[in-house]
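Once you have looked at the hints, place chains X, Z, C, E and G on chain U.
Protein chains: 6
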Amino acid sequence: MTAEQLHVELGRRYHFSASHRLHNPQLSGEENCRIYGKCNNPHGHGHNYAVEVRLSGKIDPATGMISNLADLDSFVNEKVIEPFDHRSLNEEVPAFRNAVPTTEILCIEIFRRLKSFPYAKLEAVRVQETTNNSFEFAGE
Amino acid sequence: MTAEQLHVELGRRYHFSASHRLHNPQLSGEENCRIYGKCNNPHGHGHNYAVEVRLSGKIDPATGMISNLADLDSFVNEKVIEPFDHRSLNEEVPAFRNAVPTTEILCIEIFRRLKSFPYAKLEAVRVQETTNNSFEFAGE
Amino acid sequence: MTAEQLHVELGRRYHFSASHRLHNPQLSGEENCRIYGKCNNPHGHGHNYAVEVRLSGKIDPATGMISNLADLDSFVNEKVIEPFDHRSLNEEVPAFRNAVPTTEILCIEIFRRLKSFPYAKLEAVRVQETTNNSFEFAGE
Amino acid sequence: MTAEQLHVELGRRYHFSASHRLHNPQLSGEENCRIYGKCNNPHGHGHNYAVEVRLSGKIDPATGMISNLADLDSFVNEKVIEPFDHRSLNEEVPAFRNAVPTTEILCIEIFRRLKSFPYAKLEAVRVQETTNNSFEFAGE
Amino acid sequence: MTAEQLHVELGRRYHFSASHRLHNPQLSGEENCRIYGKCNNPHGHGHNYAVEVRLSGKIDPATGMISNLADLDSFVNEKVIEPFDHRSLNEEVPAFRNAVPTTEILCIEIFRRLKSFPYAKLEAVRVQETTNNSFEFAGE
Amino acid sequence: MTAEQLHVELGRRYHFSASHRLHNPQLSGEENCRIYGKCNNPHGHGHNYAVEVRLSGKIDPATGMISNLADLDSFVNEKVIEPFDHRSLNEEVPAFRNAVPTTEILCIEIFRRLKSFPYAKLEAVRVQETTNNSFEFAGE
Numbered sequence: 007m008t009a010e011q012l013h014v015e016l017g018r019r020y021h022f023s024a025s026h027r028l029h030n031p032q033l034s035g036e037e038n039c040r041i042y043g044k045c046n047n048p049h050g051h052g053h054n055y056a057v058e059v060r061l062s063g064k065i066d067p068a069t070g071m072i073s074n075l076a077d078l079d080s081f082v083n084e085k086v087i088e089p090f091d092h093r094s095l096n097e098e099v100p101a102f103r104n105a106v107p108t109t110e111i112l113c114i115e116i117f118r119r120l121k122s123f124p125y126a127k128l129e130a131v132r133v134q135e136t137t138n139n140s141f142e143f144a145g146e
Numbered sequence: 007m008t009a010e011q012l013h014v015e016l017g018r019r020y021h022f023s024a025s026h027r028l029h030n031p032q033l034s035g036e037e038n039c040r041i042y043g044k045c046n047n048p049h050g051h052g053h054n055y056a057v058e059v060r061l062s063g064k065i066d067p068a069t070g071m072i073s074n075l076a077d078l079d080s081f082v083n084e085k086v087i088e089p090f091d092h093r094s095l096n097e098e099v100p101a102f103r104n105a106v107p108t109t110e111i112l113c114i115e116i117f118r119r120l121k122s123f124p125y126a127k128l129e130a131v132r133v134q135e136t137t138n139n140s141f142e143f144a145g146e
Numbered sequence: 007m008t009a010e011q012l013h014v015e016l017g018r019r020y021h022f023s024a025s026h027r028l029h030n031p032q033l034s035g036e037e038n039c040r041i042y043g044k045c046n047n048p049h050g051h052g053h054n055y056a057v058e059v060r061l062s063g064k065i066d067p068a069t070g071m072i073s074n075l076a077d078l079d080s081f082v083n084e085k086v087i088e089p090f091d092h093r094s095l096n097e098e099v100p101a102f103r104n105a106v107p108t109t110e111i112l113c114i115e116i117f118r119r120l121k122s123f124p125y126a127k128l129e130a131v132r133v134q135e136t137t138n139n140s141f142e143f144a145g146e
Numbered sequence: 007m008t009a010e011q012l013h014v015e016l017g018r019r020y021h022f023s024a025s026h027r028l029h030n031p032q033l034s035g036e037e038n039c040r041i042y043g044k045c046n047n048p049h050g051h052g053h054n055y056a057v058e059v060r061l062s063g064k065i066d067p068a069t070g071m072i073s074n075l076a077d078l079d080s081f082v083n084e085k086v087i088e089p090f091d092h093r094s095l096n097e098e099v100p101a102f103r104n105a106v107p108t109t110e111i112l113c114i115e116i117f118r119r120l121k122s123f124p125y126a127k128l129e130a131v132r133v134q135e136t137t138n139n140s141f142e143f144a145g146e
Numbered sequence: 007m008t009a010e011q012l013h014v015e016l017g018r019r020y021h022f023s024a025s026h027r028l029h030n031p032q033l034s035g036e037e038n039c040r041i042y043g044k045c046n047n048p049h050g051h052g053h054n055y056a057v058e059v060r061l062s063g064k065i066d067p068a069t070g071m072i073s074n075l076a077d078l079d080s081f082v083n084e085k086v087i088e089p090f091d092h093r094s095l096n097e098e099v100p101a102f103r104n105a106v107p108t109t110e111i112l113c114i115e116i117f118r119r120l121k122s123f124p125y126a127k128l129e130a131v132r133v134q135e136t137t138n139n140s141f142e143f144a145g146e
Numbered sequence: 007m008t009a010e011q012l013h014v015e016l017g018r019r020y021h022f023s024a025s026h027r028l029h030n031p032q033l034s035g036e037e038n039c040r041i042y043g044k045c046n047n048p049h050g051h052g053h054n055y056a057v058e059v060r061l062s063g064k065i066d067p068a069t070g071m072i073s074n075l076a077d078l079d080s081f082v083n084e085k086v087i088e089p090f091d092h093r094s095l096n097e098e099v100p101a102f103r104n105a106v107p108t109t110e111i112l113c114i115e116i117f118r119r120l121k122s123f124p125y126a127k128l129e130a131v132r133v134q135e136t137t138n139n140s141f142e143f144a145g146e
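Chains as they are written, first to last, in our numbering: chain U, 7 to 146; chain X, 7 to 146; chain Z, 7 to 146; chain C, 7 to 146; chain E, 7 to 146; chain G, 7 to 146.
Just chain U, with the same shape it has in the complex (with noise of 0.2 angstroms):
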């Protein structure tokens, strides 16, 4: 088989800073602390967020490449990190108007966000709050 009709996966780190609180106005005070921990503080706290996007595609014969890097830029620069980027998640995030900004959830947000990418298949996305702290979403 040539290289061009083989399967290959491609994946590329993006990075944004932002806001968050973890808080859920449904339940008490004292069981949002209880479940959030110092996450729920009240005044927010805020990380930088790693988010690396995974892509599967055809090689073109015309270029050897799956898909142009810079047009995956420009889309996650668009609908990813040009919004998020020094936001806070819970006021600028319309998503977050009603669901709490856990890591899982701002996972499959972003999934959501980048699944109509048109030059590749969205194949998962894992977002990385901390060095030690990673979530992955792979599709509904």
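Please keep in mind that the hints were generated in silico from the structure rather than gathered at the bench. Some clues are possibly wrong.
Since the list gives no way to pick out one identical chain from another, each pair is judged satisfied if it fits inside one copy or across any two copies.
[What the hints assert, rightly or not] Simulated crosslink set (DMTMM-like; lysine to aspartate or glutamate; CA at most 20 angstroms straight-line): (1) K85 to E129; (2) K127 to E37; (3) K85 to E142; (4) K44 to E88; (5) K44 to D77; (6) K64 to E129; (7) K121 to E37; (8) K127 to E142; (9) K85 to E98; (10) K44 to D91; (11) K44 to D79; (12) K44 to E97.
Chains X, Z, C, E and G in isolation, oriented as in the chain U frame:
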């Protein structure tokens, strides 16, 4: 589909430092030396082990999380970090009384100790022995 | 010279996550925007901060150490990690009531909080705000 | 089940530095420039490539290992590191005489060179070109 | 002393990828081979270079910063990243017409290009060629 | 000034894995336990140590280098890596017969073994014991 019905995978890293010696008493000294090289040195040596635990689960609609990290941390600390950290694997971990403490077998041992975690499904355990080396076990 | 009379420098890293907003109320909105760019976004944003504390001292002949790390850890946790972690620097750290919480000033504030450590001499504090960014203060 | 009957996956990282130029002689200069951007610069450029090789196998009951790392190292060094390290991929690796040395195709080429490793099954090859970029091929 | 009168050091990392070949035309082929080893391969090779720029200055009382990072970024991009990234150092950087592009000399060249930065004092330039290798120059 | 008359500092990282136990036989069991905590566990434990060696020198006008890395590598391997790697520091390194193998004293021992390197001046040795911990010695 609402986020609450979706599966997400959580990865969390833990660290411990331990010593070990690779030696199979059923083999000759020469064979041990040929197979394990300097890992067979009689006084043992040690590593900083990093353990990545991967679990999957549905998002709890009340919390937006698949599992409380505080619960996971106390479970992993009790089952793995406390009994392994700053220990000699050969001398102080019963599973290695009759098994060579290679990282392959260490990885399986950690998986077995963690698979009863009650709040999410253990998917895999990955143990990194050095910067360039890792082993992963996804269940039997 | 025996090892016990020699000076050694110890570096130890700590981590906290916090939110901040760069805004000087004595400047106009336009000036704030020009100077701080997206760091001036009104709802704030956040970071995972890494703090490297560097101390020097003579080796204690009884222990072979310049300072017990357990002592250093509890000092740094009390003075810096507890009051800063999962907080809003602007709202919850008194030093930033009248100062813009740039990483430069954060670095000086951490140095001032740590310089009374009794068992070794504080040489410098380095704060890393993102993977590519760090600030270091070595005393006044 | 005893540990010896279980499958474990081993990951090991290798490193080489090489230069390449992305250029398809069947396309016009303008098209090459549009597709490859600065990667098309005529004098080439270079990278530190990291290669993660993932293999799976049953644990050998005599050794507790799925494969001797010394065997894997000498195989990978002979097949990949020696012929690629400190080389021009375009000029010195025959596979790139008629193929653009994108990381996608490099990844496939490395997989093909390693799939005959006799002591464990090659599962995937992942090539990291820069800190933010990686490509993975899992076989044809 | 108020924070505004204090000196702080800022470190910022930049990245570029380039190819080079170590070869001194005044030496014989044998001597070049003995001195530079595989770095003397005729077709060149390449690296991902990381450049850490360290600058010091007093904190500006109006901004709380020693220098606007946006100013530093555009200065470094113009002086170093644009002319070096995705280039052949030997062929495309005039300073290496008559000098072997070792990382030592690259480090000095980058320092010279950056020392006129108007808003803070350049203290040192550190160039990391691979994970294990770095060179630092602190001025002449 | 030409580049050849300038001083540059070279940093190079090496790695070894070893076991140790912190225990001072002149102190009581209780005191050892209080001072060293779990580092006093009787069977020892281990680490992956990273050693950063920093040297300075003038650039050799013939080579453009301050020292040939191949010379440095073979010197460090002979003096430090071979005798320490995959060893018990307490049992197999003579310097620790009568000294507690803390990282402070390990750092001094490595400096003493490397200071006679003939081709550049040893400036400092930094030993990283874990991701968060390092010790540096710059000479007596």
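Structure-based check of all given hints:
1. For the identical chains of this complex, K85 and E129 are intra-copy neighbours only, at 17 angstroms inside a copy versus 31 angstroms across copies, given an alpha-carbon limit of 20 angstroms.
2. Taking identical chains as interchangeable, the C-alpha atoms of K127 and E37 are never at most 20 angstroms apart, the minima being 40 angstroms within one chain and 25 angstroms between chains.
3. Within a single copy, K85 and E142 get their C-alpha atoms as close as 18 angstroms, which meets the 20 angstroms cut-off; across copies the closest is 25 angstroms, which misses it.
4. Taking identical chains as interchangeable, the C-alpha atoms of K44 and E88 lie at most 20 angstroms apart only when they sit on different chains, with a minimum of 10 angstroms there against 28 angstroms within one chain.
5. Taking identical chains as interchangeable, the C-alpha atoms of K44 and D77 lie at most 20 angstroms apart only when they sit on different chains, with a minimum of 15 angstroms there against 39 angstroms within one chain.
6. Within a single copy, K64 and E129 get their C-alpha atoms as close as 13 angstroms, and across copies as close as 19 angstroms, so both meet the 20 angstroms cut-off.
7. Within a single copy, K121 and E37 get their C-alpha atoms no closer than 35 angstroms, and across copies no closer than 28 angstroms, so neither meets the 20 angstroms cut-off.
8. Taking the shortest Cα distances, K127 and E142 sit within 20 angstroms of each other both inside one copy (16 angstroms) and across copies (14 angstroms).
9. In the homo-oligomer, the alpha carbons of K85 and E98 lie at most 20 angstroms apart inside one protomer (14 angstroms), although the nearest pairing across protomers, at 32 angstroms, exceeds that limit.
10. Within a single copy, K44 and D91 get their C-alpha atoms only as close as 22 angstroms, which misses the 20 angstroms cut-off; across copies the closest is 8 angstroms, which meets it.
11. In this assembly of identical chains, K44 and D79 lie within 20 angstroms of each other by CA distance solely across copies; the values are 15 angstroms between and 34 angstroms within a copy.
12. In this assembly of identical chains, the alpha carbons of K44 and E97 lie at most 20 angstroms apart whether taken from the same copy (19 angstroms) or from different copies (15 angstroms).
Going down the numbered hints, you'll see the structure goes against 2, 7, while the others check out.
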